[in-house]
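A.B. asks: Residue strings, one per chain:
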Amino acid sequence: MKMKYYSEAHEWIMIKDNEATIGISEYAAEELGDITYVELPIEEDDVTVGDTIGVIESVKAASDVYSPIGGTVTEVNAELEDNPGLINESAEKEGWICKLANIDVAEIGDMMTPDAYVKYLKSLD
Amino acid sequence: MKLIFEKGKKGRRGSSLPKMDVPTKNAVPEKFKRKQAANLPEVSEQDVVRHYTLLSRKNMGVDTNFYPLGSCTMKYNPKVNERVASLPGFTELHPLLPQLRRGGALTQGALEVIYETQRLLCELLGFSDCTVQPLAGAHGELTGVMLMAAYHKGRKDHARKVLLIPDAAHGTNPASAMVGGFITQTVASDDNGNVDIEDLKSHLGPDTAGLMLTCPNTLGLFDPNIEEICELVHKAGGLNYCDGANQNAVMGRVTPGTIGFDVMHVNIHKSFSTPHGGGGPGSGPVLVGECLVPYLPVSRVQKRDDGTYTLRYHCADSIGYIAPFYGNFGIILRAYAYMLTLGREGLKRVGENAVLSANYMRVKLAPYFDQQVDRPCMHECVLSATPQAKKGVHALDIAKALIDRGFHPPTMYFPLIVPEALMIEPTETESKETLDEFIEALIEIVNLVDTDPESIIACPLTTPIKRLDETLAARKPNLADV
Amino acid sequence: MPYIANTKEDQQAMFETIGCTDFADMWRKSQVVVPEPALANIPEGMSEFEVISKLRQLASKNATELHTFLGAGYYDHIIPAAVSEISSRSEFYTAYTPYQPEASQGTLQAIYEYQSMICRLTGMPVSNASLYDGGTALFEAMMLAIRSTRRRQVVVSEAVSPIFREMLYAYSSNLNIELIQIPSGVDDSSQKALLDAVSDRTACVIVQYPNFFGTIEAWEKFNEKVHAKKALSVCSTYPISLALLTPPGELGFDIVTAEGQSLGNSLNFGGPYLGIMAVTTKLMRKMPGRVCGRTVDSEDKDGFVLTLQTREQHIRRESAMSNICSNESLCALNALVYMSCIGKEGFIQLAELCASKAAYARELLLAIDGVEAVGGEAFFNEFVIQLPCDAAEVVGKLIDKGFAAGFPLGRYYPDRKNQLLVALTEKRTKEEIKSLATALEAVL
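Protein chains in written order, with the numbering used here: chain A, 1 to 125; chain B, 126 to 607; chain C, 608 to 1051.
Quick caveat, the hints were computed from the structure, so don't treat them as lab data. Watch out, some of these pointers could steer you wrong.
Result set (DSS-like, lysine-lysine): computed pairs, CA atoms no more than 30 Å apart in a straight line [claimed, not checked]:
id : chain 1 : residue 1 : chain 2 : residue 2
1  : B       : 591       : B       : 601
2  : B       : 156       : C       : 832
3  : C       : 1034      : B       : 144
4  : A       : 16        : A       : 2
5  : C       : 889       : B       : 127
6  : B       : 158       : C       : 1034
7  : B       : 127       : B       : 601
8  : B       : 134       : C       : 1034
9  : C       : 893       : B       : 286
10 : C       : 615       : B       : 489
11 : B       : 160       : B       : 134
12 : C       : 668       : C       : 1041
13 : C       : 668       : B       : 150
14 : A       : 93        : C       : 893
15 : A       : 60        : B       : 601
16 : B       : 160       : C       : 828
17 : A       : 93        : B       : 156
18 : B       : 204       : B       : 557
19 : B       : 144       : B       : 160
20 : C       : 799       : C       : 889
21 : C       : 836       : B       : 156
22 : C       : 1037      : B       : 158
23 : B       : 150       : C       : 1041
24 : A       : 93        : A       : 60
25 : B       : 144       : B       : 132
26 : C       : 615       : B       : 557
All figures in this text were calculated on a predicted structure; none of them were measured in a lab.
Only chain A is shown next, with the shape it has when bound in the complex (with noise of 0.2 Å):
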């Protein structure tokens, strides 16, 4: 079974059979515009709750991608670094950072449901 969850810093999980797939919301990709470089995380690199694990770059930002779980990184989108555009057009399919396995779903905590995060989202407006 497959589950969503966003963070308050724009970053969403899906988790799926005890593994977590991990990128950055629309709302966040359109707020930093053109995204110019990701730098990705290290696969088999052991990451904690809030470690960075990636940076996202446009021309004049640079926003850091916090890990919102626990685990080993296992894949990274490797696409990203040819075409770090993926990320404004798909930031929550084919423009996804990277997959952690070894995680503790206990972690998730109190991130948000989509819905929460859309009302969430309305409350930033």
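Fit chains B and C to the known structure of chain A by using the hints.
C.D. replies: Same frame as chain A, but now just chains B and C:
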């Protein structure tokens, strides 16, 4: 315009070299030799001169245009400075000469320039000692924070790891603090653009290494509580660092060393009239109060009782060598000439006239823009183009429209705490007529925002190139033609 | 003269506009209330004529008529007249950092050409727009390696300029970096010992090419071994030597730095100089300093712009790649015009002159009784000789005879007290070399 590499022809030469007067035989073994010659241009001297002369004409500089780039102090660069800096007695001097026995006697003129420049800076800024070694403003910052680290280390006060930096600070401050081994914490500004004293107090403690304060601050304001702030930090056991990037505002009026600062750097290429050079070389001397003198970098120029100068290489507590020699000597020399030319009275005129010009700008332009803080400014005024932005014309567009009107734009989008910021620093060397022309141009642009915004968004139209695709540049970097 | 344009009348009009009566009133209203300094010890201003006279007089106290064989990383090369003519064009020198590309294409294209020239010279794919000097560039290279490998140990050869090593030490002192120095011979940088010191905690190995003693070494296999341990290899080089030598990019170095003074910049008693840095493509986005890129404008026309700015302090603040926020633009311009003038053939001819004169000088000096060779199988324009007595003393005696005979190594290498590092450039004539030999023989 073509690159220099795309010009010329095989076998064409642009220089002549001395004849080979010894046997052509060297000690570079074949196995170490490069297989292909470095692919340098093959052009005549005239090709070179025409190419770069044409390139130079694609630049705006202080000598060609009014250049009110806030926080950069683009004042006039006096030509006498260039003249003295090109004297062969200085340009041809090898920096290792004083390290040779009896070599010091052959560099007395240069050592005197360094010693006297340091002395004049101490007098002008109110400090005990100075080093002209730092090679740029940011390098001065790093040197300054290294001195602070050495001070706490010297007192075995190892807990002092935190440097406090106001939110309005230039990004270089936190970056320098990190390279110097510190952790940074941000102090808030209050509604008047001053340091929020309550917030400062809440950060002070046994881990406080010091406060790094730009004075006057990046909003172009002088913090009236400055002495109280410095005292609070001292009481907490910290040191006060003055980022002197904006010293031009208070040149001759405020001596930071006497109002509570322990260490400061000044940007020679700003306040002391040396050229910005298209981005450098700069120079960022650091001044210190008595408590930091032992830690100054080596080597240090000293004056002997007989009036001669010497270099001291060993000082037990020194932070060591932060530059290969004695700083950007050629730049220091220009600053020395500047201080000699202005003298006491001239230096006093600098700050007051810079502030007068900025306030004149501010008052004339205030009706057309938002102002974060409505109070007299120092050497620069910060306007916010939010009224224009609401109509779809941003600070960037206004900047480009100024280029078309023959002015270099002000600094945009800084300080970060002001939305749509335009930061204007006219400097004391520009005339009222020039200021008036600029003011008129800006008002004309603002009026067009209402009547014909498209004409502003289309700017610049008169430049060699139009607006560039910066996303492409960053996504697929093309950094060299090889 | 304070270079202030406004007359009393102008000032009065401006005071009226801003609602102040005079400067004192203005300061009060701007809340500058601290006491006004007297500045009693600053002299009265001088006229232009007097300033020039004073500085001419100071300049005349400095010796520039010495026959100089002093190098040690800073060399007395010919500078074509066109170099200073171009860099003294005030459209270049009175501009600032090219933040507004439409108004700065001159500076930007020059930086792009400079970066290209450095890549062509070093054989590396990426160069930045320059750093302060060779020493700070080496420190930045070390920090780049540390960031990139996430390791904090650095192995550095003692055959790297001691001037640079002193700086590495000063900067590292607060940064929790373990610097390991490996003693070195003249003829080889103790490559085996360097490799032995590399561990899985090593970020990089730093060497010099040619080394501080002037010796040229083979580095390809060495670099392979460094890479096998997942560390980076850094070399500091001498740009003029690269006219003849295999470029470091072909030897497998990851980061190449250099003091670029020898490319068209005067010795200037220590600065301003030129810090060169070139890196592999992989390290591009972690490289410090400004960098200029080529792109297109809205009409598809080629243009140049500062790029990859997200590495820099004005965006990243405390997580920036470095605190550097300038480059030595004008010195880089000097280097660019210099290389353009000297040109492809001239550059080789120039290097041949330096190398041949060095070989000739060494032969002559070694023929003197009591002078012996130290290494010297493979060198470019600088070599070490052993004297029968303290080299510093000998140099002192030769200064009186009008020679800066070289750099006595004892200052930085206590066990090399009698050794002298001698440098030759194309400027030294056969006659000067012969008279140095005669003078040296006379003082021994």
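A.B. asks: All the hints need checking, so say for each whether the structure fits it.
C.D. replies: Hint check:
Of the supplied pair hints, the one linking residue 591/B and residue 601/B holds, its CA atoms being roughly 20 Å apart against a limit of 30 Å. This hinted pair checks out: residue 156/B and residue 832/C have alpha carbons roughly 20 Å apart, not beyond 30 Å. At roughly 10 Å between alpha-carbon atoms, residue 1034/C and residue 144/B fall within 30 Å of each other, so this suggested pair holds. As the CA atoms of residue 16/A and residue 2/A are separated by approximately 5 Å, the hinted pair is consistent with the 30 Å bound.
Taking the CA atoms of residue 889/C and residue 127/B, the gap is near 29 Å; set against the 30 Å cutoff, the hint holds. Annotation: proposed proximity of residue 158/B to residue 1034/C holds, straight-line Cα distance about 23 Å (limit 30 Å). Between residue 127/B and residue 601/B, the direct Cα distance comes to roughly 21 Å. Compliance with the 30 Å bound is thereby established for this hinted pair. This hinted pair checks out: residue 134/B and residue 1034/C have alpha carbons roughly 28 Å apart, not beyond 30 Å.
Taken as a hint, the residue 893/C and residue 286/B pair is honoured in the structure, with Cα atoms around 26 Å apart against an allowance of 30 Å. For the hint pairing residue 615/C with residue 489/B, the CA-to-CA distance comes to about 20 Å; that is within 30 Å, so the pair holds. At most 30 Å may separate the alpha-carbon atoms for a hinted pair to count; residue 160/B and residue 134/B meet this at roughly 21 Å. With a CA separation close to 28 Å, the supplied pair residue 668/C and residue 1041/C stays within the 30 Å bound.
Of the pairs offered as hints, the one joining residue 668/C and residue 150/B is violated, with about 39 Å between alpha carbons and a cut-off of 30 Å exceeded. Between residue 93/A and residue 893/C the CA atoms are separated by roughly 28 Å; this keeps the pair inside 30 Å, and the hint holds. At most 30 Å may separate the alpha-carbon atoms for a hinted pair to count; residue 60/A and residue 601/B meet this at roughly 16 Å. As the CA atoms of residue 160/B and residue 828/C are separated by approximately 18 Å, the hinted pair is consistent with the 30 Å bound.
At roughly 54 Å between alpha-carbon atoms, residue 93/A and residue 156/B are farther apart than 30 Å, so this suggested pair is violated. For the hint pairing residue 204/B with residue 557/B, the CA-to-CA distance comes to about 22 Å; that is within 30 Å, so the pair holds. Straight-line distance between C-alpha atoms of residue 144/B and residue 160/B comes to about 25 Å, which keeps the hinted pair within the 30 Å bound. Taken as a hint, the residue 799/C and residue 889/C pair is honoured in the structure, with Cα atoms around 27 Å apart against an allowance of 30 Å.
The straight-line distance between the Cα atoms of residue 836/C and residue 156/B is roughly 27 Å, inside the 30 Å bound, and the hint therefore holds. Pair hint residue 1037/C plus residue 158/B holds up; C-alpha atoms about 25 Å apart against a cutoff of 30 Å. Taking the CA atoms of residue 150/B and residue 1041/C, the gap is about 17 Å. The hint holds against a cut of 30 Å. About 25 Å separates the Cα atoms of residue 93/A and residue 60/A, which keeps this hinted pair within 30 Å; it holds.
Pair hint residue 144/B plus residue 132/B holds up; C-alpha atoms about 27 Å apart against a cutoff of 30 Å. Of the supplied pair hints, the one linking residue 615/C and residue 557/B holds, its CA atoms being roughly 11 Å apart against a limit of 30 Å.
Hint check: violations occur at hints 13 and 17; the rest are consistent with the structure.
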